[in-house]
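So the sequences go chain by chain: V, S and D.
Counted from 1, the first sequence has number 193 at position 193 by the working numbering; the numbering is strictly sequential.
Counted from 1, the second sequence has number 1062 at position 62 by the working numbering; the numbering is strictly sequential.
Counted from 1, the third sequence has number 2370 at position 370 by the working numbering; the numbering is strictly sequential.
You may find that some hints are simply not true.
[Claimed, not checked] Taking lysine to any residue pairs in the SDA-like style, the calculated list, with each CA pair at most 25 Å apart, reads:
hint	chain 1	residue 1	chain 2	residue 2
1	V	Lys176	D	Val2126
2	D	Lys2131	D	Leu2042
3	V	Lys75	D	Tyr2252
4	S	Lys1068	D	Pro2044
These are calculated hints, taken from the structure and not from any lab test.
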Amino acid sequence: MNVLGAGIVFNRGRGISCLENALIERWVAPSDSVYAVKPEIINDQVVLKDSRRADKFSKMAILAAYDALEDSGIKVDKKSLGIIMATGFGPHATTYRFLDDILDYGDRNVSPTSFSHSVHNAAVSYIASVLNVNGPTITLAQFAFSFQQALILAKSWLKEGRCEYVLVGAVDELSKTMEYIFNRKLRVAEDGKIKPFRFLQNSEAVAGEGAVFFLVTNVDTGKRYCRFEKVYFNKDVCRDLPDIYILDNDGIIEDETAYRKICAEKKPLITSYTPIFGSMMTVSAFNCAAASLILKNQICYANPVLINPYKVNICANTKKMKIDSINCVRYNCSKVNAVVELKR
Amino acid sequence: MDEKNKMELAQIRAKLKKLLVSQLSLENVKAEEIKDDEVLFGEGLGLDSLDAVEIVVLLQRNFGLDVKDMNQGKKIFYSVDTLAKYIHENRKK
Amino acid sequence: MKTARVNVAVTGVGVVSACGNNLVQTLACFDEGRRNASKITLFPSEFICPVFEAGDFTGANNKDRMRTLNLALAAAGQALDDAGLKNNLDDLRLGVCLGTTVACQLNDVDFYAALRRGELVSMDSVDRYLKGNLAEAVARYFNLKGVCCTITNACSSGTDAIGTALSWLRNDYCDIALAGGADELNRIPLAGFSSLGVVSNDLCAPFDRDRRGLNLGEGAGILVMEKESLARKRGLKPNLFLGGYGLSADAYHLIAPHPEGLGLEQALVRALDEAGIKPKEVGFVNAHGTATLDNDKVEGKALVKFFGPEIKVLSTKGFTGHTLGAAGGLEAVFTVTGLKEGWLPQSIGFVNKDDEIPLTPLTRRTQINSGYAVSTSLAFGGNNSALVFCRRDT
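Let the hints inform the model, and build the full structure from the sequences given.
See below:
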């Protein structure tokens, strides 16, 4: 599956060039102690002109998807483009706005707009409308492996000829309630730093939000970021060594000891960009965006946070190098792994 | 119509316009730009079916009014003018 | 570049709804034309609308799990039994793909109310949610290690979960799958649908001239789908198959269907194309038929346009209510069972033909003798999905 375009909305800005800058600048302390997307980042009167009611969740999704399509430079036929969106928790901020209505006004006096935006697939509905596409559209939620499942489905759709192109991506958002849940359920890093190479049993998280989309296709246009080669679950992660491992640990799954196994490997470089994005169920999608840039630019970006007690072979300095393959590795709470294999 | 009623209607219209803009997220519309007789749905302001049910909620919350029959609603929801008249005649708060 | 077609057999079904706690009870309910609607008993409510609550199904009282999960586990257990899969599940590459709307929402009112009051809140409901990803939780319960995904496509979730499992099987991500949908009757969507003005205070009347909206229901409908080759290896002689799946976005409106049913038509074209059949070969359609003004008008017109005026159509929502994420799963079970049993229930609730809808759904229990049937789902967000089931007796 060729990656022809990418779009991203995250704490540091909007668009793939913002991601490139963030990878070069490395870690920056978050304002407000979480990696939130500020309103000005998603203020776009042109793209969002017919989406007046859209909530933040939908707006982040629309802009990332729109940018991914623009970035590819492809003009797609409206029937030949599918959309698959992964989310860990869905548009829960809107759900809580709806619960506010129930608590403040009673069950009979609630906002139908809030309700209709609280369904997980509202964002994809907006994307389809903004891009005017009639292809297949699905929203799915599989917690830590949501994005990996979306990739599997995208590959299947392309192979089955359901569409020629798929916008496949992930969205998760923050809310005050989610921050509360983070504080109650997880150990939150007081310095705002996710430290991926400590591999603790009770690792630290810092909540994040954002959206990433990729335009993928089996069509060979010659111009691409990279390929999503394979997605597999529960296999020996060290069987085929890539040039670089990207670890998707961000503290949201507390026990990170399983990642130590990979780091016993001396040859591949080991990186993780989760400290740039914040902790999210779908953080794998964001790391895949970083992986796409690495493969395209043939630059390995230095780890944003260099705390490295296990003396892992991490990438300490941004450097040009030949990179053919990257494996992004995520473990879920049952210590099952999912590997996304990307190739140049 | 006496002066008192006229004034009350004008007040309701002004309040309604503000409520419409805020509750329906009419981002690029200013309340004072909405004309009293401007068609709200389809043409004119371009509202749709989701706005219609949101207006029902708006009437409940702000004026204590129940619109149960949406067929009746169509006439009432024609413009700010028709809405204001309905509110003026029926409101409980 | 199309993959070589893998035949996907339906070898087991499981079903829980207001119609009954299993397939036998469901068929009896269909046969008698019984409508098990009641007032809301599952939670206190000011609403007086009738709802279709599930009866006392196995596992209903397990409070450690979300009710939606209990419904799903009951239906999944039946489906596995029906497929003869009681033991040795470990040896199979068994995937789980389930649709839901309620189980994916972090929306516990009591939790949130306590949080708003600034209390130290019990995290029980959050824990239940975090352990309750529907597909993951069902897989964990039956100790299944295969591919696993929860589809959250609103009211077409169940249909899209079955379609997704079809893609998995054809692309060899698994050899066998549990697929369908589950949703409980829940206070939040009840308030939400009421605010949209689409909930009827009378029993729902799909496709009827005087329909006044939907009734909410709950349930779970789950299929065992497997590669025909595996079924034969297990000693089965499968004769029911999922032949095709289509889905398409309207790109029109968040809550209103495209007035011409554009997306639905495209979904049907794709589903029939995959099954390799023409519209006239389809024996009947289990329609989405929610009994809302918009849905039935648009869907009825689109079905007649696509299949012709003679097409047999029924909505089973008069028996189950609208079960949201479960609807596609339940209706897939009903559709495949209709092909198997050779009869369909009446489209209950329908009395008078609507001049704006060019079809009369089944007005009585009807014998059918056909090889193909279609189930359709239309959802919020303009999602349209269609499945084609086939019966092939060899």
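Checked hints:
no.	hint	verdict
1	V/Lys176 <-> D/Val2126	holds, 15 Å
2	D/Lys2131 <-> D/Leu2042	holds, 22 Å
3	V/Lys75 <-> D/Tyr2252	holds, 20 Å
4	S/Lys1068 <-> D/Pro2044	holds, 23 Å
When held up to the earlier numbered hints, the structure conflicts with none and fits them all.
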